[in-house]
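Protein sequences, first through last, are from chains W and S.
The opening position of the first sequence corresponds to residue 458 in our numbering, with each subsequent residue numbered one higher.
The opening position of the second sequence corresponds to residue 140 in our numbering, with each subsequent residue numbered one higher.
Keep in mind the hints are simulated off the structure, nothing from the lab.
All C-beta atoms in this analysis are idealised placements derived from N, C-alpha and C, irrespective of residue type, glycine included.
Don't take each hint at face value.
The following label-pair restraints were derived from C-beta to C-beta distances [to be verified]:
#1 W:Ile711 - S:Cys152: 47 to 53 Å
#2 S:Cys276 - W:Cys538: 41 to 47 Å
#3 W:Arg593 - S:Glu229: 50 to 56 Å
#4 W:Pro608 - S:Asp158: 25 to 31 Å
#5 S:Asp158 - W:Ser623: 31 to 37 Å
#6 W:Ser519 - S:Cys276: 33 to 39 Å
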Amino acid sequence: MKKVLLPRSLPELWDQLQTGSEAVVYAGGTDLLVKLRNKVFDPPLLICLERIEELKGICEDSGVIRIGSCTTHAAILDEPCIGRHLSVLDKSLRVLGSPPIRNMGTIGGNICTASPAGDTLPSLYALNADVELLKRTGKRRMPIKDFITGPGRTCLEEDEILAAISIRIPQEYNVHHFEKVGQRNALACAVASLSSLLRISADGVVEKAVLAWGSVAPTILTCAEAEKALIGEKLSLLRLQEAAAMVRDAVRPITDVRADADYRRTVSGNLLLRLMEIQHTPTEDIAK
Amino acid sequence: MDVTFVLNGKEVCIDANPDRKVVDLLREELHLTGTKEGCGAGECGACSILVDGETRLSCLMLAAQLEGRVITTIEGISGPEKEALHPVQESFIEHGAIQCGFCTPGMVLAAVHLLEKNPNPSRQEIREGLSGNLCRCTGYVKIVDAVERASRSMERCRFKTVKDGA
Numbered sequence: 458m459k460k461v462l463l464p465r466s467l468p469e470l471w472d473q474l475q476t477g478s479e480a481v482v483y484a485g486g487t488d489l490l491v492k493l494r495n496k497v498f499d500p501p502l503l504i505c506l507e508r509i510e511e512l513k514g515i516c517e518d519s520g521v522i523r524i525g526s527c528t529t530h531a532a533i534l535d536e537p538c539i540g541r542h543l544s545v546l547d548k549s550l551r552v553l554g555s556p557p558i559r560n561m562g563t564i565g566g567n568i569c570t571a572s573p574a575g576d577t578l579p580s581l582y583a584l585n586a587d588v589e590l591l592k593r594t595g596k597r598r599m600p601i602k603d604f605i606t607g608p609g610r611t612c613l614e615e616d617e618i619l620a621a622i623s624i625r626i627p628q629e630y631n632v633h634h635f636e637k638v639g640q641r642n643a644l645a646c647a648v649a650s651l652s653s654l655l656r657i658s659a660d661g662v663v664e665k666a667v668l669a670w671g672s673v674a675p676t677i678l679t680c681a682e683a684e685k686a687l688i689g690e691k692l693s694l695l696r697l698q699e700a701a702a703m704v705r706d707a708v709r710p711i712t713d714v715r716a717d718a719d720y721r722r723t724v725s726g727n728l729l730l731r732l733m734e735i736q737h738t739p740t741e742d743i744a745k
Numbered sequence: 140m141d142v143t144f145v146l147n148g149k150e151v152c153i154d155a156n157p158d159r160k161v162v163d164l165l166r167e168e169l170h171l172t173g174t175k176e177g178c179g180a181g182e183c184g185a186c187s188i189l190v191d192g193e194t195r196l197s198c199l200m201l202a203a204q205l206e207g208r209v210i211t212t213i214e215g216i217s218g219p220e221k222e223a224l225h226p227v228q229e230s231f232i233e234h235g236a237i238q239c240g241f242c243t244p245g246m247v248l249a250a251v252h253l254l255e256k257n258p259n260p261s262r263q264e265i266r267e268g269l270s271g272n273l274c275r276c277t278g279y280v281k282i283v284d285a286v287e288r289a290s291r292s293m294e295r296c297r298f299k300t301v302k303d304g305a
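Chain W extracted, bound-state conformation (with noise of 0.2 Å):
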């Protein structure tokens, strides 16, 4: 039998959190419970986060949006500011599990488990998110692309905790377009998704682009090359299909249950064509 503990606050916490504890800790439980259930492991200890409120909210300050590690993908949905500055968060939020997986799961898990296929990490790479660390003995802060290290890898101490995740609501970008490809739309894993943030001027030339693919690397995948192609050019196919071959190339897909490393591959560079269809406000509407 495991010992259960629900702390209901940070001092609670860390009383319980010491080091050698051999504590798994876990918010909403819909990825580590059914690691237990696969026993991928069998820790002595768990410990709960859904009670401590200091970890669950969302607020909107100076023009950056914190969103704290334990609210669920649900509660993120229903508050108005993330729709409207942070729409390719929402989006990937909206195909993300099932209704029940979004009222259990939160965003801060979806960091922690660090899958290649979590369906918030292309949005949170993109739009730069910065994690915020916490410990009994202080806090750091770093860049989402620095923490997580590798599938199922973050450099999160032991007796630490993601705390929250903080995003500069991004002024310049009038295209926030987020695709996941997989076996259905819903309760799928992603074979293949791509983030994509975008400035379009009046005439029709990329001004900005900032790309990030998730399924088709052992982390979330960037193409800084991808992204220069089509920056200066006007939006076409013929572009597209250039800096799609480019990420063909860049990425480092798997074969598995759910698709193989070809089909990965060649869906990574479809993504990016289907940024043709798309529809964006015109510029002058937005900041510069």
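Given the coordinates of chain W, assemble chain S onto it according to the supplied hints.
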């Protein structure tokens, strides 16, 4: 450990292993076998319950997490009279939205939660609202029909209540 929570309107206190899965506790200790375990991994929705009014998966919750919560299982959604069914349940029966019945408790609870958040869903919104619940008899069309009709009959009830109250 003792876990105290409200279950289908009544406070219960039960001695349980803190790491016991909620679905097992409900079925094996509390004998509420309406909640089904399908996949045990959060992918089928058969074990859905309402926790503080929201659908959650009882296969991915541990007994300790029940402390202080308000839990509703399929056994708890009908009216105060013993035989009274919830309008969603009535509608499932009317539309033949049940085949083997294994997914039904989860489907009904997902529909109840959906209609509480969105009393007038479109068919697409119903499909999205139920997208966490798998039916392996492939009876989705009748299920969507049933939820659509339940939303209309529940709306008529609300209208009537408002009129009666006025």
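- [ ] Could you check the hint for me, namely that Arg593 (chain W) and Glu229 (chain S) are 50 to 56 Å apart, CB to CB?
- [x] holds (55 Å)
Open item on the list: Assuming the hint says 31 to 37 Å, is it satisfied by the Cβ distance from Asp158 (chain S) to Ser623 (chain W) or not?
Closed with: Once the Cβ atoms are compared, 34 Å apart, the range 31 to 37 Å for Ser623 (chain W) and Asp158 (chain S) holds.
Open item on the list: Between the beta carbons of Pro608 (chain W) and Asp158 (chain S), is the distance compatible with 25 to 31 Å?
Closed with: holds (27 Å)
TODO: Hint says 41 to 47 Å; check whether the CB-CB distance for Cys276 (chain S) and Cys538 (chain W) agrees.
DONE: holds (42 Å)
Task: Range agreement (Cβ of Cys152 (chain S) with Cβ of Ile711 (chain W), hint 47 to 53 Å) - done: holds (49 Å)
Task: Outcome of range test on Cβ distance (Ser519 (chain W), Cys276 (chain S); 33 to 39 Å) - done: This hint is violated: roughly 54 Å between Cβ atoms.
Of the numbered hints given earlier, the model fails hint 6 alone.
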